Amino acid sequence: MEPLGFMETIMRRVQLSAEDKDLLVKEADWGKNVALQMADIFYDYLGRDEEMNAILNAKEGRIHRLRETFTEWFHEMFTGIDGWSKAYADSRWKIGLVHVRIGIGPQHVVPAMAVVVTAVRQQLRRDQKSEALSDALSKICMIDLAFIEQAHAQVLSEALFKETGWTQALFQRLIAKGAETV
Amino acid sequence: MAINVTKLEMTLQEFVANVGNVQGAAIVSPDGLSLASSLAPGMDDERVAAMSAAMLSLGERIGRELNRGEIERILVEGQKGYGILTSCTEEAVFLVLTDRNAKLGIINLEIKNVIEELRKQLLGLAQPIGL
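Going down the list, the sequences are from chains A and B.
Under the working numbering, the first residue of the first sequence is numbered 1, with each subsequent residue one higher.
Under the working numbering, the first residue of the second sequence is numbered 1, with each subsequent residue one higher.
Honestly, the hints are just simulated from the structure, not real lab data.
Treat the hints with caution; some may be incorrect.
[Claimed, not checked] Pairs of lysine-lysine residues, derived as BS3-like cross-links and limited to a Cα-Cα distance of at most 30 Å, are as follows:
(1) A:Lys162 with A:Lys177
(2) B:Lys120 with B:Lys7
(3) A:Lys177 with B:Lys7
(4) B:Lys120 with B:Lys103
(5) A:Lys21 with A:Lys129
(6) A:Lys177 with B:Lys80
A quick note: this is a predicted structure, and the numbers were derived from the prediction, not measured.
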C-alpha cells in the first residue's frame, strides 16, 4: 500500500478541508499543552482493560515508550508534520504497523480512539474552543484510525498470500462468496 | 487467436458426457474466476471456481514447502466421490468431479488427454470450429 495515496483517499472521504487544517495548525500549541493530560486519560482507560493492560506491560518500559509516542502523535495531529503530506502518511502507516506487531488490533483501537475523541471534546469545551476545531480533530482521529485498521488488514492478508499463494483477487472472491453464506 | 468460449464449453460437456463416472468439470483462472464449466445443476459456478483456485494454489504451496516437486494434481476424496484439480496452463486450472465408483487410473488418463486439447484452446492454438 502507498500511504500517501491511502491518506488522500481517506481525507477526501472524511471531508478534511483546508480550513480544518488551518484551524488545527493554529491550535497546535494547545494540542501540545493538553497532550500529556490526554495520554493520562488514554492509558488509564487502557489499563482498566485486562487484555490491553497485558499487551501494554508485556515488556519492561513499553508503556513508558508508548506514552511518549502518544504525546508526539497527539501533537502531530495538530501540526500535520509536513502539512498532512508524505511524512505524515508514512508516520501513520508506521504507527499502524507497530500496533500490529505488538498485537493491538482494531477491536482495541476503535474504542480507545473513541475515548480520545470524547476526552478531547470535553477539554475543548472546558477551554472554550470552537466546535469547528473539535470537528477537525475528530476527522484527523478517523484518518489515523483508518491507517491502523488498514495496517492490520494488510499485514494479515499479506501473510495469508505468502503462505497460501493466493492472489488478492482470489482472496476477495472467497470472502465475498463466504459472506453470502454467513 | 482469441479463446473460443463456446468451444471450451463444448469440450467440457463432451468430456462430462463421454467419460464414465464424471459428474462435472470446470476451467477456472488462478484468481478464482470461472472460464468455462459443465457442472451438475445446483452447483454454484462462482463458488466452485474460487474454491478450485484456492485449493490448487494452496496445494502447490504445500508441495513446495514439503519439497514434493512440481504438483501434478490435487485429489480430494470424499464419501460421494472425487474432486481432481490439475493445472492446465499458467492461467487456468482444470477441475473434474467424479462419483465414488470412478477408477482413478482411467480418470487421470482421460484428464491427461483432454487437458492437451484444453491447453491448445486456451493458448489459442486450436483450429477454429467448422474447419
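Taking the hints in turn, this is what the structure says about them:
no. : hint                   : verdict
1   : A:Lys162 with A:Lys177 : holds (21 Å)
2   : B:Lys120 with B:Lys7   : holds (11 Å)
3   : A:Lys177 with B:Lys7   : holds (28 Å)
4   : B:Lys120 with B:Lys103 : holds (26 Å)
5   : A:Lys21 with A:Lys129  : holds (15 Å)
6   : A:Lys177 with B:Lys80  : holds (23 Å)
When held up to the earlier numbered hints, the structure conflicts with none and fits them all.
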